[in-house]
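Required output: the full structure, derived from the provided sequences and hints.
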Amino acid sequence: MIKKGLTILSILRWLTILVVVGLIVYAIVIFRHSPEAPAAKMERAMVTDLTQVMELCSMEFVEDLPIRGHIGSKNIFARIKLNGNISFDLDSAKAEIRNDTIYVTLPPERVRVTESTDPDSYQVIDTWNDKLFGSDNLTTAEENSIKRAASRNFVRSAYSKGHVKRARKEAAQTVARVVGSFSGAPVVVIDPSPAGYPSRQ
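Residue numbers for the sequence shown follow the working numbering, so the first one is 1 and each next one is one higher.
The set of hints was computed from the structure by calculation and includes no laboratory data.
A virtual CB, placed ideally from N, CA and C, is assigned to each residue, including glycine.
One should not assume that every hint holds.
[Claimed, not checked] Below, simulated PhoX-like cross-link-like pairs (lysine-lysine); rule was C-alpha separation at most 20 Å, straight line:
#, residue 1, residue 2
1, Lys-147, Lys-81
2, Lys-94, Lys-169
3, Lys-147, Lys-74
4, Lys-74, Lys-131
5, Lys-81, Lys-161
[To be verified] What follows is a set of in silico ranges between Cβ atoms, one per label pair, in the way DEER data are often shown:
#, residue 1, residue 2, range
6, Thr-101, Pro-66, 45 to 51 Å
7, Arg-177, Asn-137, 53 to 59 Å
8, Ala-195, Asp-91, 18 to 24 Å
9, Phe-77, Pro-192, 36 to 42 Å
10, Gly-184, Thr-140, 57 to 63 Å
11, Arg-177, Asp-130, 52 to 58 Å
12, Ala-195, Tyr-103, 18 to 24 Å
13, Phe-133, Asp-191, 54 to 60 Å
14, Leu-65, Lys-131, 26 to 32 Å
This is the structure in structure tokens:
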């Protein structure tokens, strides 16, 4: 199950966007009419405000996954529900103003995984040992190790299934639409890596 659309989750978040974009517009107006203010100073102000907009651009998805793993000769087959969140590295946000056009560079994404807190979100279906008389009981530490491996696979699947690509595309559209509609200036969003940055996870 994937939650559709960029996660602008509530009216409160939209109000926050309006306030932030209002600050961006105000910065543009003030700096445009202040010849002694250097372009670099204006761009720093833009980055500060844009990071607040980017903070609201995230996508969440939930998947119920089978797990098959082993520790030594002990094996387990289970199912787990994981929550995924794709957000953006705000420290890497970049904005530049050239010839009255706002250029925004989309920063790298951050993919976070948490185990669902829903009842029965983790269920062991079967355990066995490849050795004839070996114990099939896994310790909590061993099960947690297998869960961590499942989480790493889950992050990789966010790329292979296109979740990250979709999140980046929708984030770019949201930034261009919101900033452009309220600033009145052309906005160009540059995405250096539409498929994301899996090696950074």
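Do the hints match the structure? See the list:
1. Lys-147 / Lys-81: holds (11 Å)
2. Lys-94 / Lys-169: holds (17 Å)
3. Lys-147 / Lys-74: holds (15 Å)
4. Lys-74 / Lys-131: Since the Cα atoms of Lys-74 and Lys-131 sit roughly 8 Å apart, the hinted pair holds (cutoff 20 Å).
5. Lys-81 / Lys-161: holds (17 Å)
6. Thr-101 / Pro-66: 45 to 51 Å: holds (49 Å)
7. Arg-177 / Asn-137: 53 to 59 Å: holds (55 Å)
8. Ala-195 / Asp-91: 18 to 24 Å: holds (21 Å)
9. Phe-77 / Pro-192: 36 to 42 Å: Given a distance of about 41 Å, which is inside 36 to 42 Å, the answer is holds.
10. Gly-184 / Thr-140: 57 to 63 Å: holds (58 Å)
11. Arg-177 / Asp-130: 52 to 58 Å: At roughly 56 Å between Cβ atoms, Asp-130 and Arg-177 fall inside 52 to 58 Å, so the hint holds.
12. Ala-195 / Tyr-103: 18 to 24 Å: Taking Cβ atoms as reference, Ala-195 and Tyr-103 lie about 21 Å apart, which means the hint holds.
13. Phe-133 / Asp-191: 54 to 60 Å: Holds, since Phe-133 and Asp-191 (Cβ atoms, about 57 Å apart) stay within the stated range.
14. Leu-65 / Lys-131: 26 to 32 Å: Roughly 28 Å apart at Cβ, these two residues keep to the hinted range, so it holds.
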